[in-house]
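Those protein sequences? They're chains A and B, same order as listed.
Following our numbering, the numbering of the first sequence begins with 1 at its first residue and continues without gaps.
Following our numbering, the numbering of the second sequence begins with 1001 at its first residue and continues without gaps.
In short, the hints are calculated from the structure, not lab data.
Nothing here was measured: the structure is a model prediction, and the numbers come from that model.
Yeah, the Cβ is synthetic: ideal placement off N, Cα and C, and Gly gets one too.
Take every hint as true, because none was put in to throw you off.
A few chain A residues facing chain B, derived, Cβ under 8 Å:
(1) Ser46
(2) Leu50
(3) Asn76
(4) Ile104
(5) Glu108
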Amino acid sequence: MIRFLLLFSRQGKLRLQKWFTAISEREKKKIIRDLTTMVLARQPRSCNFLHWRDLKIIYKRYASLYFCLAIENQENELIALEVIHRYVELLDIYFGNVCELDIIFNFEKAYFILDEFLIGGEVQETSKQMVNRSIEASDMLQETMEEYMSKPAF
Amino acid sequence: MSPSVQLQEMIRAIRSARTQCEERSVIQRECAAIRAQFRQADNGGRSHNLAKLLYVHMLGYPAHFGQMECVRMIASPRYSEKRVGYLGAMMLLDEKQDASLLITNSIKNDLSHSNQFVQSLALCTLACMGSAEMCRDLAPEIDRLLRASNSYIKKKAALCAVHIVRKVHELGELFVPAARSLLSEKNHGVLHGAVVLIIELCEQNPETLEHFRKTVPDLVQIMKGLVLSGYSPEHDVAGISDPFLQVRILRLLRILGRKNEGASDAMNDLLAQVATNTDSTKTVGNAVLYETVLTVLDIKSESGLRVLAVNILGRFLLNNDRNIRYIAMTSLQKIVGTDHNAVQRHRGTIVDCLKDQDASVKRRALELSLALVSASNVRSMMKELLLFLSSCPAELRAHATSGIFNAAERYAPSQRWHIDTMLHVLITAGGDVRDETVPNLIQLITIASELHCYTVHKLYRALIADISQQSLVQVACWCIGEYGDLLLRGDCQEAEPVQVTEDDALDALETVLHSHMSSPATRGFALTATMKLSTRITDNVDRIRSIVSIYGSCIDVELQQRAVEYNALFKKYDHMRAAVLERMPVIEKNSPGHTNGESTGEATQDAPRAKLKQGELLLPPQQPANQVCNLLDLLGDSEETLQPSPAFGGAAPGPSVNTTSTAGGDLLDLLGGLALTPLAPAPVAPPVPVYDKSGVTLTVSCEKQSATGLTVTLTASNATDADISSFTLQAAVPKSVQLHMKAPSGDALPARGSAKVTQLVVLNNPNKVNLKMRVRVSYTRLGSAFQDTVQIDSFPGLDAAGQ
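Build out the structure end to end from the sequences listed, making use of the hints.
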């Protein structure tokens, strides 16, 4: 099971956080601080796996973003790397050549995509096309509903 | 996509803030606006406001006032609002918040919504943050969705069920039939969810595992389909068809085949096929191979398959990719116990990985190398490990040193090699060794008596080179103190001769004493060592006296006490100095679980403890380990149940010896007449001899006073030609027995048995446990102290149960 997923920039600013277990706010902040420091301190060509408390941390750097996954001890690390890669691919297809700014300005969409890919810390759909179709359909739903409602006053 | 303009404007504003202060003011403004909006009636912009709040929350600012808004949004009929509302719920409302219960009803309604995307929102949220109550509430709904819905919902419901089972184990039984039927689905998403659910159910409940073992043929079929099928565009990743599903199925097979011959046989062919057919050029392929190897090694596979698996790991070890090497070593670590020889073949590569740049790889290589040390390769492995230690990253040092010590202890080819290795470790990484290393090393040195000269020379040289490593300094000081005469004699054959004068040795010890780098414990070592040298050297006794007297006014209480006692030893008890400071006896090896004292002050305590172990010889040899602990319990009790009998032994020299003998004398005077009276009632059974050594005999006789009370009389006599003085007895009994020792009749045993010493011990055994007593005999004869222990298991006049 994936315990949590973090995305942060090279400067240590958090861009996305998804927690699959119940943890207090203080504990979350502490974990984020610890992991950010640990991962950012790693050498460029080092191993992508870390040991932290009783979990395995899998991290991968894509351009200016670090994708960090915490899995339980009996999980397969190499497949976790593939999970990260699959999520990046999904973001890429949705935003078209995704960059960090896309994730910053459309963070809620990044979450929606993540929720179509992972549920309760496990992969729910192994086919890229299926995930894409679901997201597009939900977006259409949002559009349709808003069309029929009166336009919000900005 | 509708652009959330307001949200993006806010984000832009926050990002353009140049200082932390500016950012905080922007955010405070926005939060105030959001709060105002929340209080207003429903307007179209609610979802944007909540989205803004969630962004602020992600930056780390408090957002708890958005919790109720989330609850309201979830209940809204609009999809866009529901979407953001559920997102907010997952971010702000975890099960620790009270407001989370309020959304249970909304989730329940949405689970039966006509629109599948609304259903999926509810399922996702429940699986992410559902508390135990919510799970219990909604489990039947999830079960219904597992059976009768489209595959989009089924796959989500399956993972939701996984979460429910994790939270509330008892509900697992509810999902077993549905999970079974899901295995016949064609949709990969549903299959994946079903396999995860079955894994969770099997791990929770062994009966369910038995039930699902029947599915092994189906799973094998599905895997075969995946492995042998041609290219499928939907699920292909770099040539592997749906690696996520493959890995999951392999994991389930592992759980089902563990410890079960039948199931393992059924999957043998499949595993061989996967292992050989999977393309290992990309990470995906290696992921599947890795999982296959883990499965093969965990089930009862045939030997050919195991060899195949270990070979795959061997190939991984040679892979250029660091990640692959890392996981290869992790897996080899798991099997090093069972397939030791197979792993030994790759020892060379593993030792090379010690020199890798990456810290994670180094850690794995260290653990694996330590596990691979054996009697045959210990010298070469230790060379590599010591080399590694000198360039080791700080976080691995403690682990490395303790691992090296363990390996050295188990496989040392010679004592000299062992001592050399331990010294090398102390010199390289003395700051990171564990606390019990110092007493362990000291004990090792005392055992290797022929190497004392060599050891002390080596330690002396290390000491003058560097006094910052506390453990090394402590051991060196102890040795110089103890074997100072050997050091000064300088005629050691093994090392190059170096002339060490008395001044040099004292200089070294003084440097340690005065240095600010020395810890108080180290100073204690140095002071005691200086004192010991006073009997080993001839010329510089005055220098020692002056050093010791300076420390008589030291701020540190421990040092001051020692210095004052040593001073007293010089002044009043000079005649006893030689006896007190003579060579220590060889410290016996204690059981590994027994923690030794921290400093040599305890070493003298260890000698009697070790002697007590000899009492074990009286017990039948098949005593299991927990019996040993019981005996140590007895020992632990003896310290508390010591009654008026004055205690001998302990670390304090000179002065306390005198006080005990005078106290004994007083007791003798006061009770000389009275002591005879306890002897008056004739013992019921004749006295039984329990101890006879070096001419001292001890006999015991018992008399029952009541149902649980017992009086034991211990009588001692001396058959040797020399008088014995300061004769004391201490006794220890099992925990539930109460002990009261009366004053002895005296503490002097004149020679040739002309008088005896009797002591009465009153015991109360309310729990009627098996009565045993351990007695420690201590006395002084011809100027030297003796101590011995005897265990009394059966008391005359009592039956075997001690009644």
